[in-house]
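2 protein chains.
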Amino acid sequence: MSLKETEFQLMDEEQLSVELIEAQYQLKNTSQQPNAKSVLILVSGIELAGKGEAVKQLREWVDPRYLRVKADAPIIFNQKQTFWQSYARFIPAEGQIMVMFGNWYSDLLSTAMHVSKPLDETLFDDYVENMRAYEQDLKNNHVDVIKIWFDLSWKSLQKRLDEMDPSEAHWHKLHGLDWRNKKQYDNVQRLRQRFSNDWIVIDGEDEQSRDQQFAQHILRTLKHCPEHILNTKEHWPQAPVPELLLSPATEMADEAAYKNELKKLSQKVAEALRCATRNVVIVFEGMDAAGKGGAIKRIVKKLDPREYEIHTIAAPEKYELRRPYLWRFWNKIVPEERITIFDRSWYGRVLVERVEGFASTVEWQRAYDEINRFESDLYNSQTVVIKFWLAIDKDEQAVRFKAREETAHKRFKITPDDWRNRDRWEDYLHAAADMLQRTDTEHAPWHVIATNNKHQARLQVLNMILKQLKAD
Amino acid sequence: MSLKETEFQLMDEEQLSVELIEAQYQLKNTSQQPNAKSVLILVSGIELAGKGEAVKQLREWVDPRYLRVKADAPIIFNQKQTFWQSYARFIPAEGQIMVMFGNWYSDLLSTAMHVSKPLDETLFDDYVENMRAYEQDLKNNHVDVIKIWFDLSWKSLQKRLDEMDPSEAHWHKLHGLDWRNKKQYDNVQRLRQRFSNDWIVIDGEDEQSRDQQFAQHILRTLKHCPEHILNTKEHWPQAPVPELLLSPATEMADEAAYKNELKKLSQKVAEALRCATRNVVIVFEGMDAAGKGGAIKRIVKKLDPREYEIHTIAAPEKYELRRPYLWRFWNKIVPEERITIFDRSWYGRVLVERVEGFASTVEWQRAYDEINRFESDLYNSQTVVIKFWLAIDKDEQAVRFKAREETAHKRFKITPDDWRNRDRWEDYLHAAADMLQRTDTEHAPWHVIATNNKHQARLQVLNMILKQLKAD
Chain A
65 MSLKETEFQL
75 MDEEQLSVEL
85 IEAQYQLKNT
95 SQQPNAKSVL
105 ILVSGIELAG
115 KGEAVKQLRE
125 WVDPRYLRVK
135 ADAPIIFNQK
145 QTFWQSYARF
155 IPAEGQIMVM
165 FGNWYSDLLS
175 TAMHVSKPLD
185 ETLFDDYVEN
195 MRAYEQDLKN
205 NHVDVIKIWF
215 DLSWKSLQKR
225 LDEMDPSEAH
235 WHKLHGLDWR
245 NKKQYDNVQR
255 LRQRFSNDWI
265 VIDGEDEQSR
275 DQQFAQHILR
285 TLKHCPEHIL
295 NTKEHWPQAP
305 VPELLLSPAT
315 EMADEAAYKN
325 ELKKLSQKVA
335 EALRCATRNV
345 VIVFEGMDAA
355 GKGGAIKRIV
365 KKLDPREYEI
375 HTIAAPEKYE
385 LRRPYLWRFW
395 NKIVPEERIT
405 IFDRSWYGRV
415 LVERVEGFAS
425 TVEWQRAYDE
435 INRFESDLYN
445 SQTVVIKFWL
455 AIDKDEQAVR
465 FKAREETAHK
475 RFKITPDDWR
485 NRDRWEDYLH
495 AAADMLQRTD
505 TEHAPWHVIA
515 TNNKHQARLQ
525 VLNMILKQLK
535 AD
Chain B
65 MSLKETEFQL
75 MDEEQLSVEL
85 IEAQYQLKNT
95 SQQPNAKSVL
105 ILVSGIELAG
115 KGEAVKQLRE
125 WVDPRYLRVK
135 ADAPIIFNQK
145 QTFWQSYARF
155 IPAEGQIMVM
165 FGNWYSDLLS
175 TAMHVSKPLD
185 ETLFDDYVEN
195 MRAYEQDLKN
205 NHVDVIKIWF
215 DLSWKSLQKR
225 LDEMDPSEAH
235 WHKLHGLDWR
245 NKKQYDNVQR
255 LRQRFSNDWI
265 VIDGEDEQSR
275 DQQFAQHILR
285 TLKHCPEHIL
295 NTKEHWPQAP
305 VPELLLSPAT
315 EMADEAAYKN
325 ELKKLSQKVA
335 EALRCATRNV
345 VIVFEGMDAA
355 GKGGAIKRIV
365 KKLDPREYEI
375 HTIAAPEKYE
385 LRRPYLWRFW
395 NKIVPEERIT
405 IFDRSWYGRV
415 LVERVEGFAS
425 TVEWQRAYDE
435 INRFESDLYN
445 SQTVVIKFWL
455 AIDKDEQAVR
465 FKAREETAHK
475 RFKITPDDWR
485 NRDRWEDYLH
495 AAADMLQRTD
505 TEHAPWHVIA
515 TNNKHQARLQ
525 VLNMILKQLK
535 AD
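Keeping their order, the protein sequence lines are chains A and B.
If you read the first sequence in this note's numbering, its first letter stands for residue 65, the second for the next number, and so on.
If you read the second sequence in this note's numbering, its first letter stands for residue 65, the second for the next number, and so on.
Keep in mind the hints are simulated off the structure, nothing from the lab.
Small disclaimer: the values here were computed from a predicted structure and weren't measured.
Don't take every hint at face value.
Since the list can't tell identical chains apart, any single copy or any two copies may satisfy a pair.
Claimed, not checked - List time: in silico BS3-like cross-link candidates among lysine-lysine, alpha-carbon distance up to 30 Å: (1) 327 <-> 297; (2) 327 <-> 181; (3) 327 <-> 534; (4) 396 <-> 477; (5) 203 <-> 366; (6) 219 <-> 474; (7) 531 <-> 327; (8) 219 <-> 366; (9) 396 <-> 223; (10) 92 <-> 474; (11) 297 <-> 466; (12) 474 <-> 134; (13) 92 <-> 477; (14) 382 <-> 477.
Next up, chain A with everything else stripped away, as it sits in the complex (with noise of 0.2 Å):
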């Protein structure tokens, strides 16, 4: 990907300035369009290379105040933090541009470079290979991504040092190392040559030329805005629908049995949750009315409300729709929280968007390996993903919409759109066998519970949820 010699001239500096900013107002105006996109930098490289100075020659150039700039220290890995969730919430919006300095690869850097017990070479690799699939999704998702790797031999890192001004030594701190190490140096060379033959790689020697290549290259990503393709041909065999989600159970359980059950399961839960050795996420799909919210009643019943947090999903946002569909969901799930609640999740892609047209082909189907990669991540990061599909049937769900309608407190449950969506009933069981089949993973199973009777179902879900943190 490194630009070939022959291919790189010095652009007039003026008609440089001139192109990137009408490319980034083009870029800007792509913002809800057939080729919308977001362009996210990623900038790494030896001290004194000069990437500093490329982004502010970069700046100069650009509408500075259409070009966004993070930076941050290096973050060492810790066990209970996936690689991308302190940049989720700076993954730029269509039309945004966005400078990363600091960055899941300059963390991964630091983290080899700096831990008692150096990374193996094949987790590097995990993580590196972790880290591609996910800026694909980025990708997919309408947010390019570009890395760019800023190299300076040792013989010119080391004259830079001695000419350095020691007033200006703050930014080279950075990375806190010993860039007067050859052993360091070599070290960090070794390891970045195993994530950067996707990278472009600027040579900071001649500081012109580096600026330019720069900002060259940036000027053709941003020019680059094809129009996304939303349909495809693929055929698609549809997953048989299971028997569970055509009858649920309705077995009856004794009223005295199951209050004392109840209370048993929900302490046990409750203690089974608190573990403080990692966290667990509880999703709740299902057809409307087959019981999420009394389900998750139950499970909170034992806990401090401080203890946890529920996430009632909804359509999304205008600002979330400019971004890659999964970045809602980045943005919740969150280290510091032990327990965390999903009623309806990101499940909803291939479920109410699928059905209702509000996602293309192209955008549902990609959905489920999305969503796989995301819950491997979280899984991978000491969480304990827990999915329930509430299966009820046709009958059922009538009656209790009725009952609904007739009781003081729950008639705000119910809207004209949940009668609207029993029209398309064997469209959302179509669309949840597909992601039974798809989404039911080691490390993310699929738990279908039968809810015709409520009681039966809570006792289920508890069990399950036990069930699952045991086996952990």
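With chain A fixed as given, assemble chain B onto it according to the hints.
Then chain B, alone, in the frame of chain A:
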């Protein structure tokens, strides 16, 4: 404000729950209506008085999905942070309910109890006064705030500590205080009495009445959603338009001298801005094409792109409109960011929103004081607020608009809106005059800069920054 014994009666629990849920949904449905509001519940109190339990009981009575709870360990105030900064993000949107265990009062108590040199009483009372003013601003902006103190006598506290299950001791360490120490207990009581006269004080002695008092207060608050008053007949004397706004000087500067001076000043400004002991917020307002972008470019010229953040302010998003007007700005100023520049700002409320009628009379008239308080909070947290009004005359604007239309890389800067805004030139001028008169404060003065001559204007901006930073 505390409930008299005679007023309070236990309700049937089922009935209370139904009413709470109905009130929740009614509140939810106020969003974007003339009586829209959200409810923020600040909860503090003596350990073991049962605030956790009361919130837990409340969450069992209500629909738990629409009651968010936030709990953080208290923050000891530091000089660079306003008291609201870490909570602003969590101010509920219209229709939402938020319980905050950790809040500015618990921080204040912790600060007063923990700092090596205790807060003197004047400072403590100043904080309380500022907090109340902030809460009043929240209320005016549709966030109803209720504050509830859970109290417990020394004797009962000691008894509960004796009976406490050690495995549940976790939450009781929250304030890091020794509740066996009578002196500390008395100190907390003495301090909280300095702010609790507008709090609801609930005695934690009896569990049932404690939980019901709490829930009934919330119920009453949820039910009380009067329509907002939008118009006022108050006489509003117009400020005279300053001479400088009518005929911005047009002195010519020598080109070579300008370049030389600019270079020197940019360097000086960069050094002054970099100072580590305080943050700087720079605000630019002015008619379209007055040169805001150009001035900003010169300010950041000698800064590293990692050292500053530029916010370009456009119309608020829908989710921002459901919060207090200043909310999006509260969240854009963070203590970690040393230099923050606003290309347009919170003054939009009294400029474009006033002129175009996006804000009601009551709203924009109220905004002057809200803004002054906001800037004063920043000033008190080691942040220098530097404000520029770039003055241009109408003819010069026309010249620049035409130049923009004719220059390739400037064409994107001009839209039909810009020409339309010209028609309301006089209105904007009067709005600016009022703004300058009412928000030119000692801690955040306005600098009006004549910009018919761009070069002259840029030098003046840089000089003014230096001057205000030095004066500080």
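**Numbers of unmet hints, in rising order** = Hints 1, 2, 5, 6, 9, 11 are the ones this structure does not satisfy, whereas the remaining hints hold.
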